[in-house]
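Asks: Spelled out from the first residue to the last, the chains are:
Protein chains: 2
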Amino acid sequence: MAEQPRSPEARKADVLAKLHAPVADAWVATADGDEPYLVPLTAAWCEERVVLATDASSPTARNLTAHGRARVALGATRDVVLIDATLEKTIPVADAGEIGEAYAAQNDWDPRTAGDSYVFLLLRPERIQAWREVNELAGRTLMRNGTWLV
Amino acid sequence: MAEQPRSPEARKADVLAKLHAPVADAWVATADGDEPYLVPLTAAWCEERVVLATDASSPTARNLTAHGRARVALGATRDVVLIDATLEKTIPVADAGEIGEAYAAQNDWDPRTAGDSYVFLLLRPERIQAWREVNELAGRTLMRNGTWLV
Numbered sequence: 081m082a083e084q085p086r087s088p089e090a091r092k093a094d095v096l097a098k099l100h101a102p103v104a105d106a107w108v109a110t111a112d113g114d115e116p117y118l119v120p121l122t123a124a125w126c127e128e129r130v131v132l133a134t135d136a137s138s139p140t141a142r143n144l145t146a147h148g149r150a151r152v153a154l155g156a157t158r159d160v161v162l163i164d165a166t167l168e169k170t171i172p173v174a175d176a177g178e179i180g181e182a183y184a185a186q187n188d189w190d191p192r193t194a195g196d197s198y199v200f201l202l203l204r205p206e207r208i209q210a211w212r213e214v215n216e217l218a219g220r221t222l223m224r225n226g227t228w229l230v
Numbered sequence: 081m082a083e084q085p086r087s088p089e090a091r092k093a094d095v096l097a098k099l100h101a102p103v104a105d106a107w108v109a110t111a112d113g114d115e116p117y118l119v120p121l122t123a124a125w126c127e128e129r130v131v132l133a134t135d136a137s138s139p140t141a142r143n144l145t146a147h148g149r150a151r152v153a154l155g156a157t158r159d160v161v162l163i164d165a166t167l168e169k170t171i172p173v174a175d176a177g178e179i180g181e182a183y184a185a186q187n188d189w190d191p192r193t194a195g196d197s198y199v200f201l202l203l204r205p206e207r208i209q210a211w212r213e214v215n216e217l218a219g220r221t222l223m224r225n226g227t228w229l230v
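If you're matching them up, the sequences are chains A and B in order.
Read left to right, the first sequence gives residues 81 to 230 (the working numbering).
Read left to right, the second sequence gives residues 81 to 230 (the working numbering).
None of these hints come from the bench; they were simulated from the model.
These numbers were taken from a predicted model, which means no experiment stands behind them.
Keep in mind that a hint or two might mislead.
Pairs count within a copy or across copies, as identical chains cannot be separated in the list.
What the hints assert, rightly or not - Within a straight-line C-alpha distance of at most 25 Å, the following computed SDA-like cross-link-like pairs (lysine to any residue) qualify: (1) K169 x R212; (2) K169 x W228; (3) K92 x L217; (4) K169 x A101; (5) K98 x K169; (6) K169 x G219; (7) K98 x V214; (8) K92 x P102; (9) K98 x G113; (10) K169 x D159; (11) K169 x N215; (12) K92 x I171; (13) K98 x I179; (14) K169 x R86; (15) K92 x D190; (16) K92 x D114; (17) K98 x D159; (18) K98 x T221; (19) K92 x A174; (20) K92 x S137; (21) K98 x R204; (22) K98 x P85; (23) K98 x T157; (24) K98 x L229.
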């Protein structure tokens with residue numbers, strides 16, 4: 081039996097808890113010319129941006145650099161957070177400053193030790209949706225055009 | 081501390097167990113013109129095909145119909161199965177026959193009761209990869225060009 085739908089405020093709190101969690105594992109979808117790509121990456125949440133770290137030559141980094149768009153999922157398939165986001169900035173790990181500090185503090189690895197080819201990818205969320213079961217599909221949009229609705 | 085890497089045979093057994101599991105929740109990435117799409121869907125595994133069920137008007141069904149390609153993830157971000165797949169067939173739920181029986185038997189809902197706009201999407205796996213931690217990245221490819229390597 082499904083629980084009662086959460087309030088928008090409770091959903092936003094759950095979204096932020098997932099984004100702030102130690103080792104926030106995310107599924108990151110990007111695309112290149114109708115071809116989808118999808119990998120798990122560890123995310124951080126810093127200054128209202130989703131921060132990813134990967135090799136600059138990886139398909140995820142290349143697709144984001146070329147086309148600027150990602151769709152990021154956190155949580156489980158029946159406790160979903162989906163974030164449509166745009167690449168704001170790519171920062172080589174050697175130049176990452178506070179972003180690098182924040183990422184390493186939240187997670188269980190430090191991309192700044194992974195080699196010069198690694199970069200931080202800062203994604204600006206444009207739309208955020210969160211739902212558990214069918215009874216939460218209504219009201220699932222918590223951010224639109226980069227602005228929290230709650 | 082990471083465990084020892086699993087053998088290829090053990091990984092294949094784990095992949096098939098995930099695909100055969102009751103309520104196999106999958107992350108399904110598709111794309112349209114450099115724009116990624118990603119949603120959770122419940123999968124079934126029938127005759128070596130990944131079977132999805134969704135509304136024919138959904139972005140996933142439209143992207144697959146237009147471009148034929150999906151990348152499907154099962155498991156958790158540190159116990160990953162990734163499947164690159166091609167759309168083989170789209171079957172209206174009313175005409176699904178054995179596929180519809182198999183899907184309903186494996187899962188906790190029956191798309192044949194969801195309305196005439198629902199379809200089954202049969203995806204043919206071309207590449208299957210499975211890994212847990214970094215020490216399993218070597219040897220992660222279990223299927224290539226539609227053929228099991230183990």
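Asks: Take the hints in turn and mark each one as holding or not.
Replies: Verification of the hints:
Taking the shortest alpha-carbon separations for K169 and R212, neither the intra-copy value of 31 Å nor the inter-copy value of 30 Å comes in at or below 25 Å. For the identical chains of this complex, K169 and W228 are intra-copy neighbours only, at 21 Å inside a copy versus 40 Å across copies, given an alpha-carbon limit of 25 Å. Taking the shortest Cα distances, K92 and L217 sit within 25 Å of each other inside one copy (15 Å), while across copies they are farther apart (35 Å). Taking the shortest alpha-carbon separations for K169 and A101, only the intra-copy value of 23 Å comes in at or below 25 Å, while the best inter-copy value is 40 Å.
In this assembly of identical chains, K98 and K169 lie within 25 Å of each other by CA distance solely inside one copy; the values are 22 Å within and 37 Å between copies. In this homomeric assembly, K169 and G219 never come within 25 Å of each other (Cα to Cα): the closest approach is 31 Å inside a single copy and 33 Å across copies. In this homomeric assembly, K98 and V214 come within 25 Å of each other (Cα to Cα) both inside a single copy, at 20 Å, and across copies, at 23 Å. Proximity of K92 to P102 under the C-alpha cut-off of 25 Å is restricted to the intra-copy arrangement: shortest distance 18 Å within a copy versus 31 Å between copies.
Proximity of K98 and G113 under a CA criterion of 25 Å is satisfied in neither setting, with 31 Å inside one chain copy and 30 Å between copies. In this homomeric assembly, K169 and D159 never come within 25 Å of each other (Cα to Cα): the closest approach is 29 Å inside a single copy and 30 Å across copies. For the identical chains of this complex, K169 and N215 are neighbours neither inside a copy (37 Å) nor across copies (31 Å), given an alpha-carbon limit of 25 Å. Taking CA atoms no more than 25 Å apart as the test, K92 paired with I171 passes in neither setting, with 28 Å inside one copy and 38 Å between copies.
Within a single copy, K98 and I179 get their C-alpha atoms as close as 18 Å, which meets the 25 Å cut-off; across copies the closest is 37 Å, which misses it. In this homomeric assembly, K169 and R86 never come within 25 Å of each other (Cα to Cα): the closest approach is 34 Å inside a single copy and 38 Å across copies. For the homomeric pair K92 and D190, neither the shortest alpha-carbon distance inside one copy (28 Å) nor that between copies (31 Å) is at most 25 Å. Proximity of K92 and D114 under a CA criterion of 25 Å is satisfied in neither setting, with 32 Å inside one chain copy and 29 Å between copies.
In the homo-oligomer, the alpha carbons of K98 and D159 lie at most 25 Å apart both inside one protomer (11 Å) and across protomers (19 Å), since each shortest distance falls under that limit. With identical chains, the CA atoms of K98 and T221 are at most 25 Å apart within one copy only, with a shortest distance of 16 Å there and 30 Å across copies. With identical chains, the CA atoms of K92 and A174 are never at most 25 Å apart, being 33 Å at best within one copy and 39 Å at best between copies. For the identical chains of this complex, K92 and S137 are neighbours neither inside a copy (34 Å) nor across copies (29 Å), given an alpha-carbon limit of 25 Å.
Proximity of K98 to R204 under the C-alpha cut-off of 25 Å is restricted to the intra-copy arrangement: shortest distance 17 Å within a copy versus 33 Å between copies. Taking CA atoms no more than 25 Å apart as the test, K98 paired with P85 passes inside one copy only; the shortest distance there is 18 Å, against 29 Å between copies. Within a single copy, K98 and T157 get their C-alpha atoms as close as 14 Å, and across copies as close as 14 Å, so both meet the 25 Å cut-off. For the identical chains of this complex, K98 and L229 are intra-copy neighbours only, at 18 Å inside a copy versus 37 Å across copies, given an alpha-carbon limit of 25 Å.
Consistency note: the structure conflicts with the earlier hints numbered 1, 6, 9, 10, 11, 12, 14, 15, 16, 19 and 20.
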